[in-house]
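2 protein chains.
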Amino acid sequence: MKLEPIGVVISPYKDREDAPRQGRESEVVSKIIIFEDYKEGMEGLEDRSHLIVLYWANRADRNILKVVPPSKTQKRGVFATRSPSRPNPISMCIVDLLEINGKILRVKGLDALDGSPVLDIKPYSPGIDSI
Amino acid sequence: MKLEPIGVVISPYKDREDAPRQGRESEVVSKIIIFEDYKEGMEGLEDRSHLIVLYWANRADRNILKVVPPSKTQKRGVFATRSPSRPNPISMCIVDLLEINGKILRVKGLDALDGSPVLDIKPYSPGIDSI
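One line per chain: the protein sequences are Y and V, in this order. Using full-length UniProt numbering, you'd call the opening residue of the first sequence number 1 and step up by one each time. Using full-length UniProt numbering, you'd call the opening residue of the second sequence number 1 and step up by one each time.
Calculated from the structure, these hints are not laboratory results. Since the model is a prediction, treat every value here as computed from it, not as a measurement. Careful, some of the hints might be misleading.
Treat identical chains as interchangeable: a pair holds within one or across any two.
[To be verified] Under the rule of at most 27 Å between Cα atoms (straight-line distance), these lysine-lysine pairs were calculated in the DSS-like manner:
#  : residue 1 : residue 2
1  : K66       : K2
2  : K2        : K31
3  : K72       : K2
4  : K2        : K39
5  : K2        : K103
6  : K31       : K72
7  : K39       : K14
8  : K14       : K103
9  : K75       : K39
10 : K14       : K31
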């Protein structure tokens with residue numbers, strides 16, 4: 001199972017310390033640049049207000065299975081946390097789609113670091129994506 | 001970017017025609033078996049009621065960028081649809097966690113086909129994962 005980046009994140013978050021614990025809590029605007037080869041897959045995105053972005057946390061540690069979550073003192077299994085460090089560091093973030101300009105999406109609420117490879121974009125549907 | 005399966009789905013859905021369009025609309029119970037090497041990462045999962053499951057749609061077509069969504073007549077870009085066919089066929093599903101028994105999770109609402117490789121499990125948090 002090999003992934004190919006479909007785009008890249010341009011973000012003001014340059015280091016892990018800069019990024020909020022969760023993007024949705026922030027007003028910061030990021031950009032997603034979709035690579036030319038995948039541009040055709042964007043058709044219809046302009047009708048959506050919210051998107052699910054899957055990106056690769058390329059600075060995560062893939063070899064740890066337990067972490068101490070922020071505001072906790074005891075270690076927990078990575079699958080019970082939102083730590084970027086996990087065997088397959090695929091991060092998921094729901095963002096507000098502000099604007100599409102050619103291959104560039106302007107989005108609000110993305111917690112990805114600058115330069116993160118984008119893996120997938122899906123429309124967010126409250127009926128199936130929320131409890 | 002190479003993925004390693006952390007587990008596998010055991011599901012009554014053997015073929016794409018068997019599966020619901022979206023798992024959350026169904027009452028069907030599936031199992032996720034976590035592989036021994038990753039079992040430690042499950043610690044703390046028992047406290048959660050809902051999980052985000054990322055799995056690999058291994059029968060998807062990775063080479064198409066447009067599809068006709070069900071109930072539509074015109075093609076749309078795959079990133080504006082929930083079709084499993086997309087460049088990186090990572091499917092996302094929110095499930096009810098019913099029970100954990102050793103390395104086996106019993107879950108409700110998973111739309112994955114039998115045998116799908118599981119890539120990641122995350123706790124669902126309404127505050128950040130819903131609008």
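Taking the hints in turn, this is what the structure says about them:
{"no.": "1", "hint": "K66 with K2", "result": "both (25 Å within a copy, 21 Å between copies)"}
{"no.": "2", "hint": "K2 with K31", "result": "both (25 Å within a copy, 25 Å between copies)"}
{"no.": "3", "hint": "K72 with K2", "result": "neither (34 Å within a copy, 31 Å between copies)"}
{"no.": "4", "hint": "K2 with K39", "result": "both (20 Å within a copy, 23 Å between copies)"}
{"no.": "5", "hint": "K2 with K103", "result": "both (24 Å within a copy, 26 Å between copies)"}
{"no.": "6", "hint": "K31 with K72", "result": "neither (32 Å within a copy, 30 Å between copies)"}
{"no.": "7", "hint": "K39 with K14", "result": "within (26 Å within a copy, 33 Å between copies)"}
{"no.": "8", "hint": "K14 with K103", "result": "within (22 Å within a copy, 38 Å between copies)"}
{"no.": "9", "hint": "K75 with K39", "result": "between (42 Å within a copy, 14 Å between copies)"}
{"no.": "10", "hint": "K14 with K31", "result": "within (14 Å within a copy, 39 Å between copies)"}
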